[in-house]
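**Q** Given next are the chains, with one letter for each unit.
2 protein chains.
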Amino acid sequence: MKTKKINIGILGCGVVGTGVAKLLMEKAELLESRIGVPVNLKYVADLDTTTDRGISFPEGVFISDAGTVINDPDINIIVELIGGTKVAKDFTLKALENGKHVVTANKALIASFGNIIVQTAREKELDFAFEASVGGCMPVIKSIRESLVANRIDSMTGILNGTCNYILTKITSEGCPFDEALKEAQEKGYAEADPFLDIEGHDSAHKLAILTSLAYGMEINLDDIYVEGISSITPMDIQNAREFGYSIKLLAISKNHSDSVEARVHPTMIPESHPLAHVNGSMNAVTIDGDATGRTMLYGAGAGMMPTASAVVSDIADIARNIMTGSKKRMPILGSPQKNIKKIPIMPFTETSTCYYIRLEASDHPGVLSKISGILGDQGISIKSVHQKGRRTNGTVPVVMITHKAMEKEIQKSLAEIASLDAIPEKPVVIRIEEE
Amino acid sequence: MKTKKINIGILGCGVVGTGVAKLLMEKAELLESRIGVPVNLKYVADLDTTTDRGISFPEGVFISDAGTVINDPDINIIVELIGGTKVAKDFTLKALENGKHVVTANKALIASFGNIIVQTAREKELDFAFEASVGGCMPVIKSIRESLVANRIDSMTGILNGTCNYILTKITSEGCPFDEALKEAQEKGYAEADPFLDIEGHDSAHKLAILTSLAYGMEINLDDIYVEGISSITPMDIQNAREFGYSIKLLAISKNHSDSVEARVHPTMIPESHPLAHVNGSMNAVTIDGDATGRTMLYGAGAGMMPTASAVVSDIADIARNIMTGSKKRMPILGSPQKNIKKIPIMPFTETSTCYYIRLEASDHPGVLSKISGILGDQGISIKSVHQKGRRTNGTVPVVMITHKAMEKEIQKSLAEIASLDAIPEKPVVIRIEEE
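These protein sequences, in sequence, are chains A and B.
Using UniProt numbering, the first residue of the first sequence is number 1, and each one after it goes up by one.
Using UniProt numbering, the first residue of the second sequence is number 1, and each one after it goes up by one.
Among the hints, erroneous ones may be present.
[Unchecked claim] Below, a sample of chain A positions facing chain B; criterion: calculated Cβ distance under 10 angstroms:
{"hint": "1", "residue": "R34"}
{"hint": "2", "residue": "E131"}
{"hint": "3", "residue": "N151"}
{"hint": "4", "residue": "T296"}
{"hint": "5", "residue": "L298"}
{"hint": "6", "residue": "N322"}
{"hint": "7", "residue": "M324"}
{"hint": "8", "residue": "G326"}
Hints listed in this document are in silico derivations from the structure and should not be mistaken for laboratory results.
From the three backbone atoms N, C-alpha and C, an ideal C-beta is built for every residue, glycine too.
Input sequences plus hints: build the corresponding full structure.
**A** Take a look at the structure:
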């Protein structure tokens with residue numbers, strides 16, 4: 001049976017919803033020529049139908065009632081772009097129960113409720129697609145699930161939040177403090193009015209939870225990912241990093257240890273030779289290390305109306321092709337059939353190992369440095385280099401140390417001990433280093 | 001009807017053929033878990049069955065007769081990895097006529113005979129897949145055809161030949177002459193014994209012909225692509241480029257002018273801020289500018305046994321999924337159905353415009369520079385900067401000029417005139433500059 005037309009209903013007409021509606025309307029001819037069947041925007045539902053979106057919808061397309069869309073028997077694909085995890089979850093599950101394929105860009109939804117949504121879609125033999133949820137227009141989900149199918153993925157490292165990358169790039173290039181960089185990011189529209197999810201790393205963690213599940217064939221697990229944001233990064237640390245040949249980026253890192261995986265989000269120093277070191281401004285990128293491919297990297301706009309909409313429409317096109325050719329369950333939603341999706345634990349953060357950058361203010365007394373290195377040595381941590389950076393102020397000198405590889409719990413224990421010394425008036429600053 | 005097993009026959013057991021055989025055998029379990037059906041390597045055919053490939057094939061798999069593979073009714077997918085365009089073409093067409101899907105990594109074959117092969121596959125409702133033919137493991141074909149489906153692609157710029165990139169990187173980092181860098185590339189196995197296709201740019205042109213067809217929805221056209229290799233690049237030009245803030249890369253460039261396209265391969269100076277400027281060694285990368293996505297980039301190993309094999313197996317997996325779900329003609333081979341594939345002409349190279357780097361030796365006489373700038377000025381070419389680089393030798397001084405944007409035919413005309421001056425003993429060196 002040949003399908004004559006694919007009907008789309010969009011829920012939520014915010015930035016991305018508007019972009020998807022635009023693409024579906026303005027690129028209708030191009031899309032039909034490439035997909036082989038018309039993709040028809042039947043409805044866009046949003047509670048606010050009065051604010052001008054800069055599109056003139058045909059009569060009856062722009063409506064306020066999501067229920068009309070979800071319950072319309074002609075709708076083939078529902079595009080959930082409401083955001084948040086409450087209404088979005090209810091609508092997504094309802095749409096699947098009504099036999100609609102669902103496309104979303106909602107990382108928070110998938111990171112929090114992906115397992116139940118995937119299960120529902122699978123039982124109903126429906127597609128649930130979310131390329132736009134990670135890395136905007138970068139085809140990272142398609143790459144992991146399809147292009148890297150013959151690879152054991154060993155690790156992934158991503159700059160997955162454009163707001164943070166914009167802020168860090170600005171501090172790096174202009175030496176301005178964090179607050180000023182954030183303010184400009186907000187003025188330019190990169191950062192939300194409430195930037196908490198972005199700058200504290202939670203948005204990156206949502207995305208990492210999705211990638212980690214796909215890459216290693218495991219259930220989605222957000223809760224066990226370590227998350228640390230960029231709000232305490234100072235121009236001084238960025239400057240010091242540069243002198244050591246590093247850039248500071250907010251990285252989402254995961255590593256495959258077979259029985260367990262590492263998954264963590266934190267500001268990270270990476271060598272200038274690392275391809276991610278040159279990813280600047282609001283751009284996103286992710287390196288994926290596969291056992292057959294070696295390192296590959298994807299780079300692109302991680303957010304924004306049209307880049308994100310482009311990824312949403314690529315999912316719509318894939319599903320339209322499935323509908324057209326009558327293929328059901330062509331691509332397992334998490335990359336492997338359910339019976340092969342394992343519950344692989346995320347390793348406790350304290351068990352992970354990296355090198356460390358430690359910056360502290362130390363009283364300018366004899367013996368302080370030897371005391372500090374003794375504390376580190378007691379935990380088996382060896383120091384690669386120690387530098388006095390900058391001038392003495394108020395009787396203290398700034399000291400920067402780079403350690404060899406050490407375990408997080410050893411560093412935490414050492415730092416607690418160091419912080420308790422009288423000679424150390426302030427809590428030391430710690431930034432993890434990922435060497436190649 | 002559920003397919004119980006997908007049978008694969010590989011033709012050609014060279015480097016990539018061996019890699020594909022390895023992946024299919026060693027990753028059989030992983031692949032079955034991801035694809036949902038066993039992918040069985042039934043045959044590997046090669047005229048030479050005696051040289052050890054480092055794999056122990058089960059009895060009866062490694063044979064010398066390709067006909068046995070092509071004519072076996074149980075074979076679902078033929079993997080053509082013979083190379084060259086003669087036998088490979090015959091076998092590919094025969095396989096399609098016998099109802100087999102075909103996967104290849106053979107860029108020369110597709111660039112030269114892609115149109116007829118695609119037509120044959122289309123008529124037989126079979127898949128013809130060639131992800132591995134461009135950029136090794138980078139999923140560039142999948143990205144153009146699937147991920148960027150909602151985009152008008154405006155331009156693509158690629159480092160598509162690892163041998164050339166390795167050589168240019170070596171000259172850049174060590175200042176060694178071209179011949180020495182080539183020799184090392186050969187010793188390390190990056191360059192072929194006969195490196196002509198690589199270093200003279202033809203391999204990149206094959207790949208550009210494929211990408212250009214896919215991106216702009218046009219028939220494959222190799223003949224009209226301008227091709228210039230890297231054999232005349234000197235350490236001096238690379239050093240000069242660096243002083244102006246440029247890297248020299250062998251770039252495959254195509255631009256979409258709607259009624260015509262630009263497609264050219266030549267050594268190119270790109271600003272250090274361009275993401276391709278940092279792609280070093282034997283790595284490949286391609287930037288794609290879409291009207292919705294903005295710039296995206298893919299990066300990865302462009303050659304080598306396992307990276308290329310990984311891409312071949314990704315095509316096998318896609319086709320296996322199509323067979324399994326009974327989907328025919330799910331994805332048009334060139335991205336659009338035949339009726340939408342246009343015969344878009346490639347613009348004559350002389351009509352293209354860029355900025356130019358011109359290096360020449362000029363007699364150290366008064367008035368020479370003013371004569372040269374007069375010749376350029378007569379063609380409407382304005383000079384951005386002129387520098388005397390290095391010392392006077394034998395009465396001549398080396399002069400480097402950077403022009404503003406000019407048309408190729410104007411430059412060629414000017415240079416012919418300049419070369420005919422008595423004051424210019426040697427043919428000037430010209431390298432094109434791509435500004436952002």
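**Q** Please flag the earlier hints that this structure goes against, numbers listed from lowest up.
**A** Going through the list in order, the structure violates no hint and respects every one.
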